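> Given chain G, work out where chains Z, A and R should sit, using these hints.
Protein chains: 4
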Amino acid sequence: MTMEQSEKLNKIQVAALDEILGKKFPVLDDGFVRVVDYMGSDESIVQAARVSYGAGTKKVNEDRALIRYLLRNRHTTPFEMCEIKLHVRVPMDTWRQWIRHRTANVNEYSTRYSLAIDSSQKTKIDEWRMQSKDNKQGSEGFFPEEIGAKLSEREDELQNFAREIYQERLNLGVAREQARKDLPLSTYTEAYWKIDLHNLLNFLSLRMDHHAQFEIRSYANVIGNEIVARWTPIAWQAFKDYRINSIELSSLDIEVLKLVIKNEKENAITKAAELGMIKIIDGKILLNREGAEFENKISKLGINAPWN
Amino acid sequence: MTMEQSEKLNKIQVAALDEILGKKFPVLDDGFVRVVDYMGSDESIVQAARVSYGAGTKKVNEDRALIRYLLRNRHTTPFEMCEIKLHVRVPMDTWRQWIRHRTANVNEYSTRYSLAIDSSQKTKIDEWRMQSKDNKQGSEGFFPEEIGAKLSEREDELQNFAREIYQERLNLGVAREQARKDLPLSTYTEAYWKIDLHNLLNFLSLRMDHHAQFEIRSYANVIGNEIVARWTPIAWQAFKDYRINSIELSSLDIEVLKLVIKNEKENAITKAAELGMIKIIDGKILLNREGAEFENKISKLGINAPWN
Amino acid sequence: MTMEQSEKLNKIQVAALDEILGKKFPVLDDGFVRVVDYMGSDESIVQAARVSYGAGTKKVNEDRALIRYLLRNRHTTPFEMCEIKLHVRVPMDTWRQWIRHRTANVNEYSTRYSLAIDSSQKTKIDEWRMQSKDNKQGSEGFFPEEIGAKLSEREDELQNFAREIYQERLNLGVAREQARKDLPLSTYTEAYWKIDLHNLLNFLSLRMDHHAQFEIRSYANVIGNEIVARWTPIAWQAFKDYRINSIELSSLDIEVLKLVIKNEKENAITKAAELGMIKIIDGKILLNREGAEFENKISKLGINAPWN
Amino acid sequence: MTMEQSEKLNKIQVAALDEILGKKFPVLDDGFVRVVDYMGSDESIVQAARVSYGAGTKKVNEDRALIRYLLRNRHTTPFEMCEIKLHVRVPMDTWRQWIRHRTANVNEYSTRYSLAIDSSQKTKIDEWRMQSKDNKQGSEGFFPEEIGAKLSEREDELQNFAREIYQERLNLGVAREQARKDLPLSTYTEAYWKIDLHNLLNFLSLRMDHHAQFEIRSYANVIGNEIVARWTPIAWQAFKDYRINSIELSSLDIEVLKLVIKNEKENAITKAAELGMIKIIDGKILLNREGAEFENKISKLGINAPWN
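Chains as they are written, first to last, in the working numbering: chain G, 1 to 308; chain Z, 1 to 308; chain A, 1 to 308; chain R, 1 to 308.
Simulated from the structure, these hints should not be mistaken for lab results. What you were told as hints is all true, and nothing was included just to trick you.
Note that identical chains are pooled: a pair holds if it fits in a single copy or bridges any two copies.
Each computed PhoX-like pair below joins lysine-lysine, with the alpha-carbon atoms no more than 20 angstroms apart:
| id | residue 1 | residue 2 |
| --- | --- | --- |
| 1 | Lys262 | Lys297 |
| 2 | Lys24 | Lys11 |
| 3 | Lys258 | Lys240 |
| 4 | Lys240 | Lys271 |
| 5 | Lys271 | Lys284 |
| 6 | Lys265 | Lys300 |
Nothing here was measured: the structure is a model prediction, and the numbers come from that model.
Only chain G is shown next, with the shape it has when bound in the complex (with noise of 0.2 angstroms):
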């Protein structure tokens, strides 16, 4: 009559994860994630979402195809039947883009009680990213391994130089609190780290897009890749399918898609200036960010934008 049929009583185990516990997988050149301990998996969120379907929708065994509906359809509680913790080692600098996502439980090493972590984030002779000119807040393209060579030179002496001042003050016993406050921010922190599931792929979502920075989004693709997708595999392949690899289509998007369908390429482009999609000017036509984002959504579709 109730929910409880639908359940097991004894604690749910993930044998591929199990089999990873405590394992660093490295990132960058001195972190690590790994996991600590979890609790759930893809029949936790099937066991939750059942709760809603009662006792006489048992019959329902396809727990893949429901937990593919609950994502497609953002029915999000059962995701966060599952929670995982992580242990990870983490520039401070990454450290502060990962906390902003509020909701997870986190205890951080603490460099007021202890001495800060001995290392700081190195970037090798061939990692050094040029400033993107149409992405102010991205990267793009690498330099040349001779001037790479020679900002690593100077990156070395800086984090020397900042590991020299910051012993000194200890010697000379200045508190460890204010000792640090001129660490660099690539000083290497660490923290264990607790999530559910359903916040942990909204996580994801954002930190792995080609958008987040690529010392974050190095950290979310092992957290995907090599443990979400040992963990829960049905919801992991569900949030590539429905998530990741989606495409969103806004009204107005879908307003000119419609013309181009029809083939009605001059009305196409018509609409899409009136939506400010594109400008023309001179006969020219410019695409904004709007139009850029369309252009690049719909040749996904194997459609080409009515100005090219």
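Frame of chain G; chains Z, A and R shown alone:
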């Protein structure tokens, strides 16, 4: 050098909790609470707290002292590292209070999708409570059984009639989401409720309190005494010592109590009046709420109020 | 050099919202929504977003384009800078759904302290809905009025009886907190509900959806169309263009749609079957839920499903 | 009949806060806090609390008493009805602690998009603090100025060098998001920070505490004493009386204190030893942390520890 040494690499299991996994603890006439899954233990609290202490402090192997220190000083984040998932069956009226605790994950039984659970909370003839005179939102004392019998009989009539109407609607083909609209608040619902230990202790400190309504208090007592006590026994004892059985003296209480302790009765009374704890009218002392609270607190220290 | 120039030093007021401050927008037979207070406006969203752009970008004075960009790309934090406080009157049954949105501040009318509001939601004779066949949790179509009349009459009997019992208990001196236990879910409650714009838009996108139950949808529509539309008109339009009226194509949808666009009907059908959107049994095509969703989405692009 | 009468229909303004809107309160050498916007006042707290009391209690016009009652008894939701938005400039090192308070809305200055703020927190020659001996995570006392001068000089060298490297990278065209990676933690950042009064008071109770690090404590003191004191003066006074200046006696404290008050010194000492507050070794009494806390608490009641 870092925090890695301080942790376990296998999933923490708590034998005492494993023993009762899935067991239904009955509450009220037809409700229950049971543990479906959990993550962490007293050990995880310590593990998380040690992050802030680094490797150098592993010699501090007094876990109990550390947990008690954390709880006493409201260092709350290590308690968030423990998570528990309960399956509960609760009257909707009680659930209305329960759900106000926002920091939890919830999947509730859906009466849009399924038939409402065929059970309403029934009040036994000796369980009818009288309105408190002092406390506008409380109850006080029980009705004699002959009145209780009448009340229970009428309750039965109403619950039966409500169920009859619900059934009538369903028989006619009214949508479940609408048919349920006049079910009594006493109708049972069920849910998975997942929460971390820190927020669970907050829930318990509010809902085990004698000001909490009897019904939700009954659930809180079971969760605390039967479940948390087995899960994290050290944290539970600390919670009782430092939260449940503590007294908070306000700066006003302190001012008056200092005079009482110095045996300056008259000054204490004058001060209490000045601070608005009491009123003196025609030489008679009238306690207001804060004065009564003060009297109650110091009685736990074996001290009489100066006006007694 | 920093962000300070980009802000206003006086409280932002929105004239269009000030005009309706305190005005009750009626919902259902005896419910309402009204704005009690608010903070921020479209301007505050821009102000917060500009923090990320620094002083150099003040020339970018296209506020509208910026807000639309933020909403389109799920840069959600600037929308959190706007906050609104509503006073709502809602049947408890609807409130049970409403309160599941956790990121809000709530003060609800207490029936422990005060008498329950003497009003229950009544269903007019032409408002009784039939259970949907396709959608286990939905309704579909209305009963003819002669059946509706009977249902409304019985509803009345039940609501009156429930109120009679409530009154009986109070007259006898039963504690309010217990007397209320069998009130019907249709009983109205009231609350202050305070939420930021980002979370309000999430609420609206879920509750204005046609899958949401009629009752809560009615509230969501009023909040959206009457209140948010006046408060932050640019964000509201963007929300409609990029969230409410958008289509999300999954990677599966994309694969099939590409073939449809290339006019490879047979291949499209084979692909759809392969991906589990449809089943082909004895040469007949059966749509499952995902196939039907696909058909519905592409119809908005003016495209027929390959199997039609 | 309902709660509507108890509210105001126009936006609540607080004159004392309006006066300082936008005013920068300086903190540290180059930081500040200022109010950008707010919503609510002491009056809104009362308004929200009265929801629970209904119309019948309007005669209770003692707003001050009500606010004090709410705060004393941890009825926290009415305080959530007030919201404030600050603009703060803070060293990143301090911001790392600040941001751990999760229940706030944040828009931080982006050094991906813009140049890092050209200012690092500098320590004056008389501001260098020594590591505390007792408290592993605290500081205690200052260095003499001749040592301080040396430390400040070296700080300057490091900060200048870090800025030089940052500039070098930018000149070469390194992406801003990467160029910033070795900036010192002392670099200033700015943010809008929006939070409700309940959560702000939690922040203040933790960060105004003498255990909080000097830097963040400086901000907390300004926010409390300059801003909250003007905004919600009654709630602020209550907060000081019932939270900041209160003492919490644990059940252990109570047991020992009862004996002290009865003047049973020996029994009190025995009890304290039994409860683990003190150790008696060779007849000598050694205080552990809990014993020291006890001693400190009762000294505020004008009582000496039994072992003194």
